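Asker: Top to bottom, those sequences are chains X and P.
If you're matching positions, the first sequence starts at 384 in my numbering and goes up one per residue.
If you're matching positions, the second sequence starts at 384 in my numbering and goes up one per residue.
It should be emphasised that the hints constitute simulated quantities derived from the structure, not laboratory data.
The model shown is predicted, which means the values in this text are computed figures rather than measured ones.
Misleading hints may appear alongside valid ones.
Subject to a maximum C-alpha distance of 27 Å in a straight line, what follows is the list of computed DSS-like cross-link-like pairs (lysine-lysine) [said to hold, decoys possible]:
id	chain 1	residue 1	chain 2	residue 2
1	P	Lys491	X	Lys640
2	X	Lys485	P	Lys427
3	P	Lys491	X	Lys427
4	X	Lys498	P	Lys426
5	X	Lys523	X	Lys563
6	X	Lys473	X	Lys408
2 protein chains.
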Amino acid sequence: MKITIKEIAREANVSIATVSMVINKKDQNITEVTRNRVLEVVKKYNYLPNAMAGSLVTQRTHIIGLVLPDITNPFFPGIARGAEDKANEKGYSIIFCNTDDKLEVQEKYIESLTKKMADGIIIAHSSSSEKMPEILERCKVPIILIDRDFDSENICGKVLVDNSNGAHMAVSYLIEQGYKKIAYLSGPLKTRTAYERLEGYKKALSDYEIEFNDKLVKFGEYRIEWGRNGVNELLEEKEDFDVIFCGNDLIAIGAMKELKEKGYHIPDDIGVMGYDDIYMASLVEPSLTTVRQPNYQMGYRAMELLEERLKKAPGSDNTPSDMKTITLDTEIIVRNSVKINKKVKS
Amino acid sequence: MKITIKEIAREANVSIATVSMVINKKDQNITEVTRNRVLEVVKKYNYLPNAMAGSLVTQRTHIIGLVLPDITNPFFPGIARGAEDKANEKGYSIIFCNTDDKLEVQEKYIESLTKKMADGIIIAHSSSSEKMPEILERCKVPIILIDRDFDSENICGKVLVDNSNGAHMAVSYLIEQGYKKIAYLSGPLKTRTAYERLEGYKKALSDYEIEFNDKLVKFGEYRIEWGRNGVNELLEEKEDFDVIFCGNDLIAIGAMKELKEKGYHIPDDIGVMGYDDIYMASLVEPSLTTVRQPNYQMGYRAMELLEERLKKAPGSDNTPSDMKTITLDTEIIVRNSVKINKKVKS
DNA sequence: ATAATTTACTTAAACGTTTAAATAAAGGAA
DNA sequence: TTCCTTTATTTAAACGTTTAAGTAAATTAT
Chain X
384 MKITIKEIAR EANVSIATVS MVINKKDQNI TEVTRNRVLE VVKKYNYLPN AMAGSLVTQR
444 THIIGLVLPD ITNPFFPGIA RGAEDKANEK GYSIIFCNTD DKLEVQEKYI ESLTKKMADG
504 IIIAHSSSSE KMPEILERCK VPIILIDRDF DSENICGKVL VDNSNGAHMA VSYLIEQGYK
564 KIAYLSGPLK TRTAYERLEG YKKALSDYEI EFNDKLVKFG EYRIEWGRNG VNELLEEKED
624 FDVIFCGNDL IAIGAMKELK EKGYHIPDDI GVMGYDDIYM ASLVEPSLTT VRQPNYQMGY
684 RAMELLEERL KKAPGSDNTP SDMKTITLDT EIIVRNSVKI NKKVKS
Chain P
384 MKITIKEIAR EANVSIATVS MVINKKDQNI TEVTRNRVLE VVKKYNYLPN AMAGSLVTQR
444 THIIGLVLPD ITNPFFPGIA RGAEDKANEK GYSIIFCNTD DKLEVQEKYI ESLTKKMADG
504 IIIAHSSSSE KMPEILERCK VPIILIDRDF DSENICGKVL VDNSNGAHMA VSYLIEQGYK
564 KIAYLSGPLK TRTAYERLEG YKKALSDYEI EFNDKLVKFG EYRIEWGRNG VNELLEEKED
624 FDVIFCGNDL IAIGAMKELK EKGYHIPDDI GVMGYDDIYM ASLVEPSLTT VRQPNYQMGY
684 RAMELLEERL KKAPGSDNTP SDMKTITLDT EIIVRNSVKI NKKVKS
């Protein structure tokens, strides 16, 4: 038989209110002896309170929705893990959702999370389509944005990385190592990350007074296949380049594969630099020089922000002061796909 | 203001029962006109029913717990994704939990899932410690085991891969390519997977009348670092070997790294074979010949099994006939870290 | 000694649904 | 017409908690 607070109360000869108070440590006014009597019965039956029933009255489920494009993409497990660790620390559970960057899937998930009364949502949203504000609007719980920026009413926090600065650092680094003709295989320009990284790329070039050459910049998906194809697109331009900066590590890995198959030597003939520092980056050959995004931190801090916000009364509106943006720093990870101090040599 | 079924009922001039019936499509007895009136109000307010409140009475949360060692380990995202896809298809949500293979963490998660009234749990459990049965016993919901076998009362399904057979296939393959001295870098023997793969390794050797040599078998963690260390342990034995079969791909990748650094050429000097076929396996150099475990399928089928089981009334006990075991097949993925038809050459 | 306060509980309403049972109106059979 | 069914809807109990308000006894203050 399923055992409820009622049974415990009956067996311990107290009211259910007393049991509830003991369980929730609101027992300043409960005598030692009653408390122990209750606790004993609780233990005897291995009683665990039904959180749902409690949630109904407290209006808190301690469930957080984590909406990501695809956990199978090596960029995301770290984020998920970070969020989960912090959540667990604070007594929250995480429902996770893969959108494949499809707007209608994302919408469905947000609806589902709303129905299940998630206390909040952490989301790496999909595209900045016009429907986004409406979708987010409809969702009444606090939302934390990660990785991809966007502006809307009920967003109460953002954890971003400075893409522009990351790309700027990367390209500056390449230039300082002596590279002059820097090609760029970007992700899809409709994503904010790609757009911002392109900005950083351009700014670094102009800082060092290198002319921007749009024949050296190609746009595609954040995938290995695009890395391969992108290299070919670049080669077809018959425009000289000595290093390829890539929109992410997957592109970089694809680019390296293709270059090697075409007989180029990395980094001697052509350097390759990535972005993200996924697990694989250190394992490919040559190991990939890249820009580390602190993805564990992203998840962790996002959950931290959310937990902070959730200290306010349930259902309470966001005040402007709730809105907090954390911008995490990137870091250049020097490995072997880019020559160090190339200029000295050539 | 938060809008509930009561508001909808009032505004539509019907009872809340009617609204409930319309929403849940139990509306055979509702007139077209009432239905539409209700639906209109629902739409007007973007009303979404509070699933928790419903769950309280139906005793179904449509929440599934997915308990994994570590989503950051490349073996697991595929499983998670498979489970999530099927879950989503059937209207379930997944709460995910990382145990780091720690028993007390696992216990805590199972407790949390029980409190939150998860309808079921899919778990790649941690170690076969003596406490496991007790932990599982206490958890009253249906449990599906994945990847790692175990026996206990309320387990109502298993999705396993035949580790012994997988290893047997792999080693047989190696032998048939002409390899004779096959070293084995195993995972920790306390895990069932490692134990079974060792069985398969031994059986293949004996099938081909090759003597088992325990100097060629070393045990460590399922990690890259162990691959590196394992190679050194093998080399120290001064025992000849022409290929290393590895307990998983991470070990294989580590082994390859170490071998290459030591100046060995793969596969010409020494072959390396992995197990799992994680994403990275095709990206390392040389690309890794390995045994594919169908991990997306594992997650997917596990959720399928669970969903099937959940068609029974909530709280109903497992009958022996509920217990279903699915054993998925492995497949050899031929790449470049093992020589094909070595015997012809040498 | 009486009133006021504190302590240790209990009562009962509330949370937002689902659903079995009740009811009332309409339609059909006798 | 009267009775029986069917149809369309409502009533009310139930799900398992939390918590504000109430109460009775014990303690302290006056």
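Asker: Next step is simple, just say for each hint if it's right about the structure.
Answerer: The hints, checked one at a time:
no. : hint                    : in the structure
1   : Lys491(P) <-> Lys640(X) : violated, 44 Å
2   : Lys485(X) <-> Lys427(P) : holds, 26 Å
3   : Lys491(P) <-> Lys427(X) : holds, 19 Å
4   : Lys498(X) <-> Lys426(P) : holds, 15 Å
5   : Lys523(X) <-> Lys563(X) : violated, 50 Å
6   : Lys473(X) <-> Lys408(X) : holds, 17 Å
In summary, the numbered hints that this structure violates are 1 and 5.
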